[in-house]
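Chemist: Now for the letters of each chain:
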Amino acid sequence: MSSDSPGLVGADVVSVPAVELRGIAKRFGSVVACDRVDLSLHRGRIHGILGENGAGKSTLMNILIGLVLPDGGSVCIDGKPQLIHDPITAARLGIGMVHQHFSLVDALTVWENVALGESGRLDPSEVRNRIGEIGDHFGIVVEPDVRVGDLSAGLRQRVEIVKCLRHDPNIVIFDEPTSVLTPDESAQLFQSLREVVTAEGRAVVLISHKLDEVLAATDDITVMRQGRVVERLNTKLASAPALARAMVGREVSLRAERAALGVLSVGDTHDHVAHSTGELPALELRHVSASTGRSSVALDDVSLSVFPGEILGLAGVEGNGQRPLADLLSSLVPATSGEVVVAGEVVVAGRPGAMTRAGVAVIPEDRHDSGIVLDMTVAENLALVDLAQVSRNGIVDIRQLERRALDLIDEFGVQCEGPHAPMWSLSGGNQQRVVLARELSLDPAVLVAARPTRGLDVGAIDYLNDRLRAAAAGGVAVLLISSELEEILDLADRIAVIYRGHVVGDFPRSDVDVQQLGLLMGGATP
Amino acid sequence: MKARAGEWIALYTISVLVALVLSGVLVEVSGGDWWPVLEALVDGSVRGPQRWGQTLGIAAPMLLVGLGTIVSSRAGLVNIGQEGQLLFGTAVAVYFGFRIGGPGPLNVLVLLAFGALGGAVWAGIAGVLRTHRGVPEVLTTLLMVTVAGQVVAYGLKKQSLLLAPAASRGNRNQVSEQLAADNRLPVLRVFGNEIPSATFLAVILAILVAFAMGRTVWGVRLHMLGRNPRIARRVGVSEQKYGLAALLVGGAFAGLAGAVMLTGGGFQFSNYRLVPGFSAGIGWTGLLVALVAREKVLAAVGAAFVFAALRNGSGFVNSTGVESRITEVVQGFLVLALLIPPAVMFLRDRRRSRAASAAGV
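So the protein sequences, as listed, match chains A and B. The numbering of the first sequence is the working numbering, which starts it at 1 and goes up by one. The numbering of the second sequence is the working numbering, which starts it at 1 and goes up by one.
Here chain A stands alone, though its shape is the one from the complex (with noise of 0.2 Å):
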């Protein structure tokens, strides 16, 4: 806890360091951002700023990289110092950013994604055959002709990162570059960022907040606390329960916080009652196919049942079907074959509103693709799903509008101006609080959940997964869809794996052997 310490130098390391931020300061209205933070970064060696969501850590960043101004505070750059107003100039320093939030176009295909924003003349084929070079060179491979629309989230990361490095940086700075990727693509992205440090001399800066990557992947580690350096140390010296307390600032002891922060290992034993059989499905499908022009894997005769009362979770890696089953218990999509019966009722999928009016709920894997409306209300986005409730004749009934919104903002803890305030002027994690104030509102029956802790921070995390449990022990039942290992093992009751369109496996939580998952996860039979 010593921040008035300079910076950790390690034995190794006697040279100037690449950067040198010095008392950096930044207020967003009343949040404190920054708080007269310090940090080097030296060559040769990767970085990892831990801290919660909120702690400042992006904010930091986005200063290096000129996207956000300092209200205070000095930047050098190998020794100089340089001031960095745009993002511009932070490329001609050497500074290059993978953003946690996709920056990519749909509709171009991947090599003019990373092409975008250059300047000069274009030469198609250099710039594939660069991508070629970035995969073999680190070990992300990607197809540049695909059209990034047709991408999983897994692969997008990976086409950010082909951008990011593209332009061949000195500096590169990595915001939670693994939340969308399985354990084996994140060891193997970090062996290779590992090579690439050691051989070329960069400095790489990785930002995360689960600690087991952090430990696995840095040579140095700065904690952040509200805008607070709280730590900074060598990874050999840390130890995952300090580097919790320090980052979440009291004892640790929540499992679904340990896990979140990766502090828990998948193998932990599990206490969930094995659900009753013999009762009807709540959700099943019957073979079916389905596709979405979204994904390139469509759903091949897929048959599974979810219980009431029960987690069900689907593992598997990024863009193996995830995308089309949650499309069709979404009504977006028809099933090309097959049957889905939700509580022994055959629902047409594919027709307007269908799902949701046989009492199917769904947090979608992207809540700004079809969870939230951004330019209503919350008021509004949480009546979206069933206006009945809040209209009369047709006329929507403000002060109920108002009075649900209220109840409900107050029971799941949105963080918000008030019943009216623009949805899109919530945090990622209050917005998502939104989508799943509303959805368990209408008392399904079914609760489709799709990735629902992508980018939530740890007590978010804590709450939904409480929430998706309670759900399911009021009778719900619940169908997990995840990549994460961890989440899936400590929610699931059942576990099944989606591999290329295929479901695969259905075991008892207390069946499942991590490793025999791994492999179906990566296409073995069992």
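To be clear, the hints were calculated from the coordinates, so they are not data collected in a lab. Mixed in with the good hints there might be a few duds.
Label-pair restraints from in silico Cβ distances [stated by the list, open to error]:
no., chain 1, residue 1, chain 2, residue 2, range
1, B, G281, A, V141, 54 to 60 Å
2, A, C76, B, G214, 52 to 58 Å
3, B, A5, A, H287, 55 to 61 Å
4, A, G149, B, L161, 45 to 51 Å
5, B, D349, A, P87, 18 to 24 Å
6, A, R357, B, L208, 25 to 31 Å
Residues of chain B placed beyond 10 Å of chain A at every Cβ, according to the derived structure [said to hold, decoys possible]:
no., residue
7, W8
8, T146
9, Q150
10, G170
11, Q174
12, G192
13, M224
14, A232
15, A299
16, G315
17, V335
18, P342
19, M345
20, L347
On the chain A side, residues computed to face chain B include the following (Cβ under 7 Å) [what the hints assert, rightly or not]:
no., residue
21, L332
22, P352
23, G353
24, T356
25, S370
26, V373
27, V385
Remember, it's a predicted structure, so these values are computed and weren't measured experimentally. We treat Cβ as the ideally placed atom computed from N, Cα and C, and that holds for glycine.
Here the structure of chain A is known, so what remains is to put chain B in place on it, guided by the hints.
Modeler: Below, chain B alone, put in the same frame as chain A:
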């Protein structure tokens, strides 16, 4: 929020001032003096005898077109064929109005209803192509304007369709019969001005549209469809139903605007007859009204009045020696001036919300 209101007012003031100064410069460059031209505009639109009544009469169909456009764009659909829908709607009104020919005041209602129906049919063609075949409505609605012009011109050549009998058309060709005096919308006389009742109709409909968009389930669902079609579909808003309905309503308002010009427009608009070119650009201007109003009904009322004043005032500008069509350029400047502040605020908001989300707050 107060600071933001200040920013809005400052931005609008600056950009409208710039537009006015540019207009003044243009007048000077084209050989006139800005002050007399401005005086002529004001005289011609509101100050001269009977002028503000006329301005209100011109504003009514502009506002009606704008209201329909607001409904379509609320659902995320870009209808830009109001000019054609207006013309076709009027033709349908004329065809059925003269054939049904009920007692006077009742026949006015028949004319208005058939005008709306005709406009809806014309927009509906584009609507069905959009919702059932995926043809972009931007293209179809625009192209149908030309088609409407040809269809109506053809109808005005056939006595079996729209052409007036030889006896009542004098030496003119391609002209419909004139509406009888009791088939016209009544006019209210206030302080020596004649205010067409169409203006009141337009304002009442504006209130209804504002209510429908903001306070009804239908309006919320249209909004949802416009802003996020995927969630709309999930919760049961069918694009085929709601999208088509939005275009039908948009066309109906344009057709109604045409019927209002026919039954209540007087000598401002072809003197109670249908002629080729009857629509007279009101469809286009109504589109601009909706464009600058940006889905806000109250703003559309104001914009319609301003554009109508420019149009009405332009008649007086000729007397100053300056080409009266200069008002169209002024109108163009004003449209830009009214569109730039929202764009600026949008960019600023986006930058701010990015900064805020970067801070995790």
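Chemist: Are the hints correct? Go through all of them and say.
Modeler: Structure-based check of all given hints:
no., hint, result
1, B:G281 - A:V141: 54 to 60 Å, "holds, 58 Å"
2, A:C76 - B:G214: 52 to 58 Å, "holds, 54 Å"
3, B:A5 - A:H287: 55 to 61 Å, "holds, 59 Å"
4, A:G149 - B:L161: 45 to 51 Å, "holds, 49 Å"
5, B:D349 - A:P87: 18 to 24 Å, "holds, 19 Å"
6, A:R357 - B:L208: 25 to 31 Å, "holds, 30 Å"
7, W8, "holds, 16 Å"
8, T146, "holds, 30 Å"
9, Q150, "holds, 36 Å"
10, G170, "holds, 51 Å"
11, Q174, "holds, 45 Å"
12, G192, "holds, 42 Å"
13, M224, "violated, 6 Å"
14, A232, "violated, 8 Å"
15, A299, "holds, 17 Å"
16, G315, "holds, 41 Å"
17, V335, "holds, 23 Å"
18, P342, "holds, 13 Å"
19, M345, "holds, 13 Å"
20, L347, "holds, 14 Å"
21, L332, "holds, 6 Å"
22, P352, "holds, 4 Å"
23, G353, "holds, 2 Å"
24, T356, "holds, 5 Å"
25, S370, "holds, 4 Å"
26, V373, "holds, 5 Å"
27, V385, "holds, 5 Å"
Checked against the numbered hints given earlier, the structure breaks hints 13, 14 and satisfies all the rest.
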